[in-house]
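Protein chains: 2
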Amino acid sequence: MESGSVRSIGSADRREAALGELAGRFGARFSRAQALREQHGHTMSRQANQPPDAVVFAESTEDVVAVVRTSAAAGLPVIPFGTGTSLEGHVNAPFGGVSLDLSRMDRLVAVHADDLDCVVGPGITRKALNLQLRDTGLFFPIDPGADASLGGMAATRASGTNAVRYGTMKDNVLALEVVLASGEVIRTGSRARKSSTGYDLTRLFVGAEGTLGVITELTLKLYGIPEEIAGGVCPFASVEDACRAVILTIQSGIPVARIELLDALQVKAVNAYSKLDLAETPTLFVEFHGSKAGVAEQAENFGAIAAEFGGGPFAWATKPEERSRLWQARHDVYWATLALRPGARVSATDVCVPISALAACVGETVRDMVSAKIVAPLVGHVGDGNFHMQVLTDPGDRDENARADAFIERLARRAIAMGGTASGEHGVGQAKLKYLEAEHGAALGVMRQIKRALDPDGIMNPGKLPG
Amino acid sequence: MESGSVRSIGSADRREAALGELAGRFGARFSRAQALREQHGHTMSRQANQPPDAVVFAESTEDVVAVVRTSAAAGLPVIPFGTGTSLEGHVNAPFGGVSLDLSRMDRLVAVHADDLDCVVGPGITRKALNLQLRDTGLFFPIDPGADASLGGMAATRASGTNAVRYGTMKDNVLALEVVLASGEVIRTGSRARKSSTGYDLTRLFVGAEGTLGVITELTLKLYGIPEEIAGGVCPFASVEDACRAVILTIQSGIPVARIELLDALQVKAVNAYSKLDLAETPTLFVEFHGSKAGVAEQAENFGAIAAEFGGGPFAWATKPEERSRLWQARHDVYWATLALRPGARVSATDVCVPISALAACVGETVRDMVSAKIVAPLVGHVGDGNFHMQVLTDPGDRDENARADAFIERLARRAIAMGGTASGEHGVGQAKLKYLEAEHGAALGVMRQIKRALDPDGIMNPGKLPG
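Quick note, the sequences are listed as chains A and B, same order. Quick note on UniProt numbering: the first sequence kicks off at 1 and runs consecutively. Quick note on UniProt numbering: the second sequence kicks off at 1 and runs consecutively.
So that you can see chain A by itself, here it is in the shape it has in the complex (with noise of 0.2 Å):
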């Protein structure tokens, strides 16, 4: 399937008979009103809205079943909706459709406390999910900036501050309950840790964005919440020494569990949003877990890799309120990047490089950005060797977009030749196809193979992967 040309779309005709079965079917469940259309065809990219024909919410994995079913006979393209929190595109209409809103599908369906997993809704959102989890000593772990539904995160192949530590999505499902294109229901996996049977559908579902069926249940693992957590904030002269710091850091085997570069102009957006008071120069964010003696000894053997380039004073704490404001000022970002300049859009794109390349990758990409008078502050979960630039701009002013847009695809296309991806944790959606080829080569051609095979008319989430 090539970008943009969907196969078997039905006709006009046989798509409205379709909308009509659905309307019947969901009553007050289906919704063509134009708000709701376009709340669904929109996320926090700046690609423009394309509104579905429709949103249906479903409740079970029975009324997927009927929406995929109903929708496919008719040619009508459905997609997966969680939150609508996707930075690159994911839930817009191109080709019209039903927008297919999983929120309802919320429950913590089961948590096997002695295994150390549970089994969840694709609606719930992380921090309803860990909400819900309060009682049991256990956590899980990922979080994208965002509340997002964590289907929408499996979907999307969504890592977080903590993967570091915990990895991302791909490392934390064991196994997923998915509606084919052709309305068959599946399990990918068991509740076991490990298997050697069979292909692992599990992961090729994680990261499909919808495009070869519609996630309906999770099993993931879950954490013991640390006896001890520690934490603080170590500022540096530049970007790139704190990227030294953060290089030794994890060479030398420290397990931390979160370590995120601030460059100076996303403190100074986080100060002023989150009411803090750091020193505006480029800053780490750091968080150890583990036994009372381990995070000490975590946290003195990270302040002598920092003071070696240069880094300090680093301070740590252990106090429970502190950590919290300074993460939580961390996962506001996106918001306080928008408070920096009120009235602009903030365009949130991310790549990810070997980590020995970072360094090298930040400071070109620094540059480029005061070369080409771009605004954009810089966070990054740079333990990964992932990074985001935060690009603001005038939604009015289209040369600032034109250097905006020639910024992003002259990030992607550097970490790329630098040996890394055009994205480490947003996905693909629509804006990024662009690269796939670069990135993939004939890889491509195999993704397409299996596009085909598992939803030969195109009706899962079109005009999105494989391109």
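Quick caveat, the hints were computed from the structure, so don't treat them as lab data. Misleading hints may appear alongside valid ones.
Stated by the list, open to error - Label-pair restraints from in silico Cβ distances:
#, chain 1, residue 1, chain 2, residue 2, range
1, B, Leu131, A, Asp399, 27 to 37 Å
2, B, Glu38, A, Ala438, 41 to 51 Å
3, A, Ala442, B, Ala33, 31 to 41 Å
4, B, Ala12, A, Glu62, 44 to 54 Å
5, A, Lys292, B, Gln328, 27 to 37 Å
What the hints assert, rightly or not - Simulated crosslink set (SDA-like; lysine to any residue; CA at most 20 Å straight-line):
#, chain 1, residue 1, chain 2, residue 2
6, A, Lys292, B, Ala296
7, B, Lys292, A, Gly445
8, A, Lys434, A, Gly445
9, B, Lys127, B, Pro226
10, B, Lys221, B, Leu133
11, B, Lys221, A, Gly167
12, A, Lys221, B, Pro255
13, A, Lys292, B, Ala293
14, B, Lys127, B, Trp335
15, B, Lys292, A, Glu300
16, B, Lys221, A, Ser356
17, B, Lys221, B, His112
18, A, Lys221, B, Gly419
19, A, Lys292, A, Ile225
20, B, Lys221, A, Leu248
21, A, Lys319, A, Ile225
22, B, Lys292, A, Asn301
23, B, Lys275, B, Ala264
24, A, Lys373, A, Gly363
25, A, Lys127, A, Val109
26, B, Lys434, A, Arg187
27, B, Lys434, B, Arg410
All residues carry an ideal CB built from backbone N, CA and C; glycine is no exception.
Guided by the hints, dock chain B onto chain A, whose structure is given.
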């Protein structure tokens, strides 16, 4: 593709012509010698020997492309071969064809110490890799019992004693180079630690057992050799008590690097074969990785948990010689088991269950063994819920072999019924195809769609996955 039927197997004439073409191209690296063919049609399992038509020794990706293209054109199966240590008949040639021996593609191509990764040929073995890494301070942790090739380990999604801490091959392969059935060469990823761009082809080929393509290069994660390693043995009164101690150890978040259970009979076998003098009772072998203070803390916490379940005395040490002797003995259990009963054969079978089901599954299995009059030492990576029965049979005793087959089948179905899998790490090969339907249900249909899409003529290791 149904099990046992291979589409488009070429005519005898075309196959002979292709073999002649390969003979001409590869000269002394092509052989139809009976002994070599039999060595390549046989593994450490008790599957009947099924020799290929010929063996080709590949020395480059180009060689692999040539073999695949020539074979595919003639409908001649291609069966990748590493070291032949598979336990479930993965390399047997039930439909003849070419055994593609990759053992000479054994280079350590590159070490990126800063990025904690390396690039290797598929034929390098795990011991050879770690030997070549010894001056870097880094190591690759995955250690199946045999000194298997990395290509074979990836193809079977292998793990081993360290998986409870470092994960399996699924978690430690960053990217692959693969030759497809079409002869096309793809790369499945970059050296970035994470990516959200596209379907996860790396994880699709890991565990595909050579049925979707031939792995010709691997990019692997490496780890710093821990500052301190401590370990020891801890005896228990029963396997159930030992399992309960394991469950609590994992739940408590002790980051144990290895935690292995041997039952009394396995300890007896190990004592005799490896000249140890362990108490012949169910025993946990454990190992801790970390800082000096960290491993001491872990060992003490583990000792306290073991004591809760009547385990002990738990003596731990950090001397490398003692540890090496112990873990070499652990890795030699296959040979120790064989030595228990001269002339007998060992069928090593494994299952994996959610850890909460481990004590029950082990208990039922041991009772079943006794009532079926089977002799089968138990050894397991119990931190993952994964255990092995090393079933000893007299090759000439049909009744005993029939009882062993039935015992192994009951074990696989018991694990599936308890929410687990028919194999945690050995894979499917031919011997476990019959459990795929029970374990995967409708998902097996998706595996077959993928197989058909990527290998429409069924030439890649036919008669194996997905059945």
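Cross-check of the supplied hints:
no.	hint	result
1	B:Leu131 x A:Asp399: 27 to 37 Å	59 Å, violated
2	B:Glu38 x A:Ala438: 41 to 51 Å	47 Å, holds
3	A:Ala442 x B:Ala33: 31 to 41 Å	36 Å, holds
4	B:Ala12 x A:Glu62: 44 to 54 Å	52 Å, holds
5	A:Lys292 x B:Gln328: 27 to 37 Å	36 Å, holds
6	A:Lys292 x B:Ala296	14 Å, holds
7	B:Lys292 x A:Gly445	50 Å, violated
8	A:Lys434 x A:Gly445	15 Å, holds
9	B:Lys127 x B:Pro226	18 Å, holds
10	B:Lys221 x B:Leu133	12 Å, holds
11	B:Lys221 x A:Gly167	13 Å, holds
12	A:Lys221 x B:Pro255	16 Å, holds
13	A:Lys292 x B:Ala293	11 Å, holds
14	B:Lys127 x B:Trp335	18 Å, holds
15	B:Lys292 x A:Glu300	15 Å, holds
16	B:Lys221 x A:Ser356	14 Å, holds
17	B:Lys221 x B:His112	10 Å, holds
18	A:Lys221 x B:Gly419	15 Å, holds
19	A:Lys292 x A:Ile225	13 Å, holds
20	B:Lys221 x A:Leu248	16 Å, holds
21	A:Lys319 x A:Ile225	15 Å, holds
22	B:Lys292 x A:Asn301	13 Å, holds
23	B:Lys275 x B:Ala264	16 Å, holds
24	A:Lys373 x A:Gly363	16 Å, holds
25	A:Lys127 x A:Val109	16 Å, holds
26	B:Lys434 x A:Arg187	18 Å, holds
27	B:Lys434 x B:Arg410	12 Å, holds
Consistency note: the structure conflicts with the earlier hints numbered 1 and 7.
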